[in-house]
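Visitor: Kindly produce the complete structure, drawing on both the sequences and the hints.
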Amino acid sequence: QVQLVESGGGLVKPGGSLRLSCAASGFTFSDYYMNWIRQAPGKGLEWVSYISSSGSTIYYADSVKGRFTISRDNAKNSLYLQMNSLRAEDTAVYYCARDGAAVAGYWGQGTLVTVSS
Amino acid sequence: QSALTQPASVSGSPGQSITISCTGTSSDVGGYNYVSWYQQHPGKAPKLMIYDVSNRPSGVSNRFSGSKSGNTASLTISGLQAGDEADYYCSSYTSSSTPVFGGGTKLTVL
Numbered sequence: 001q002v003q004l005v006e007s008g009g010g011l012v013k014p015g016g017s018l019r020l021s022c023a024a025s026g027f028t029f030s031d032y033y034m035n036w037i038r039q040a041p042g043k044g045l046e047w048v049s050y051i052s053s054s055g056s057t058i059y060y061a062d063s064v065k066g067r068f069t070i071s072r073d074n075a076k077n078s079l080y081l082q083m084n085s086l087r088a089e090d091t092a093v094y095y096c097a098r099d100g101a102a103v104a105g106y107w108g109q110g111t112l113v114t115v116s117s
Numbered sequence: 118q119s120a121l122t123q124p125a126s127v128s129g130s131p132g133q134s135i136t137i138s139c140t141g142t143s144s145d146v147g148g149y150n151y152v153s154w155y156q157q158h159p160g161k162a163p164k165l166m167i168y169d170v171s172n173r174p175s176g177v178s179n180r181f182s183g184s185k186s187g188n189t190a191s192l193t194i195s196g197l198q199a200g201d202e203a204d205y206y207c208s209s210y211t212s213s214s215t216p217v218f219g220g221g222t223k224l225t226v227l
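Protein sequences, first through last, are from chains A and B. Note that my numbering numbers the first sequence so that position 25 is 25, with each residue one more than the last. In my numbering, each residue's number is its place in the second sequence (first place is 1) plus 117.
Where hints are given, some of them may not hold.
Claimed, not checked - Computed from the model, here is a short list of chain B residues facing chain A with C-beta under 8 Å:
(1) G148
(2) P163
(3) Y168
(4) S171
(5) N179
(6) F181
(7) S184
(8) Y210
(9) V217
(10) G220
(11) G221
(12) L224
Worth flagging that the hints you see were computed from the coordinates, not collected in a lab. Just so it is clear, CB atoms sit at the ideal spot from N, CA and C, and this is done for glycine as well.
Guide: Following this line, the structure appears as C-alpha cells:
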C-alpha cells in the first residue's frame, strides 16, 4: 500500500536551515507529482510547493519562494524540501502528499519543524 | 492567492445531514472542477474524502458527497456519525497553477 514517511524535522534557530525528506513506497514514485503541505500549530493547512513527476515543473507558495527548494530523486523514491532562512512563522508540521496540484490523495504522518531561538 | 472561505464551525446530531460551504472566486473554485475535501482528526494527517468536486476515493463512505455552484463548493455529510467529528478542509486548483486551501471547518456531532 502507499506509504509516505517524512523525516528531518526538529528545532532550528531563526535564519537557520533544515532539509526534510519523504520516503515513498507502495507505488511507482516516478509517475506522480508530489507536494509539501504544512500546518502551523492549531491552524489550517497551507500548501507549500509541488514538483512534477520528472522534476521539470516546480511551484512554490509566495510565503516560501526564494527560501525553500523542492527536489526529488526518483531512483531513491524520495522527495526533499530544503528550507533556508527559516522564520518563526515557518513553524509547522510538514506533510508530503502524493498526486499533484489539484488533489492530495495520500499523505504522510508529518514531521514537526520548530523555528525558535 | 487568498484562502477559500469556510465556516469556522458546523454542528449536527447523529443521523442528521450537514453541509459545509467553501467559497472562492472565478480564479479557483468557479473556474475549475478541481475541488477536493479533506477530513482531519486531531493529531492525524488529513484524509482525502472528495476530489474533482464530487468524486469519492475508494473506501470513502457514500454518506459523503460534494457539489459546486458558481464560486461555491459544498460538502454534504448525511447520516451523521460520532466518528465524523473532525476538521474539514476544502481545496481548489487555481489560475496560478497552484492549489489553495480553505481555512477549515470544525464539525461537532452533538
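Visitor: Decide, hint by hint, whether the structure agrees.
Guide: Structure-based check of all given hints:
1. The beta carbon of G148(B) is not positioned within 8 Å of any beta carbon in chain A (closest approach about 12 Å), and the interface hint is therefore violated.
2. For the restraint placing P163(B) at the interface with chain A, the shortest Cβ-Cβ distance is roughly 6 Å, inside the 8 Å limit, so the hint holds.
3. For Y168(B), the shortest C-beta to C-beta distance to chain A is roughly 5 Å, which falls under 8 Å, so the interface hint holds.
4. With 8 Å as the threshold, the beta carbon of S171(B) stays out of range of chain A, its nearest partner Cβ sitting at about 13 Å, so the hint is violated.
5. Checking N179(B) against chain A: minimum C-beta separation of about 18 Å lies over 8 Å; hint violated.
6. With its C-beta approaching chain A no nearer than about 15 Å, F181(B) sits outside the 8 Å limit, and its interface hint is violated.
7. For S184(B), the interface hint is violated, the least distance from its beta-carbon to any beta-carbon of chain A being 17 Å, above 8 Å.
8. For Y210(B), the interface hint holds, since its Cβ comes within 8 Å of a Cβ in chain A; the closest pair sits about 4 Å apart.
9. Hint status for V217(B): holds, given a least beta-carbon distance of 7 Å to chain A, under 8 Å.
10. Taken as an interface hint, G220(B) checks out: its beta carbon lies about 5 Å from the nearest beta carbon of chain A, inside 8 Å.
11. The closest approach between the C-beta of G221(B) and any C-beta of chain A is roughly 4 Å, which is under the 8 Å cut-off, so the hint is satisfied.
12. Because the beta carbon of L224(B) sits about 14 Å from the nearest beta carbon in chain A, more than 8 Å, this interface hint is broken.
The structure does not agree with the numbered hints 1, 4, 5, 6, 7, 12 stated previously, though it agrees with the rest.
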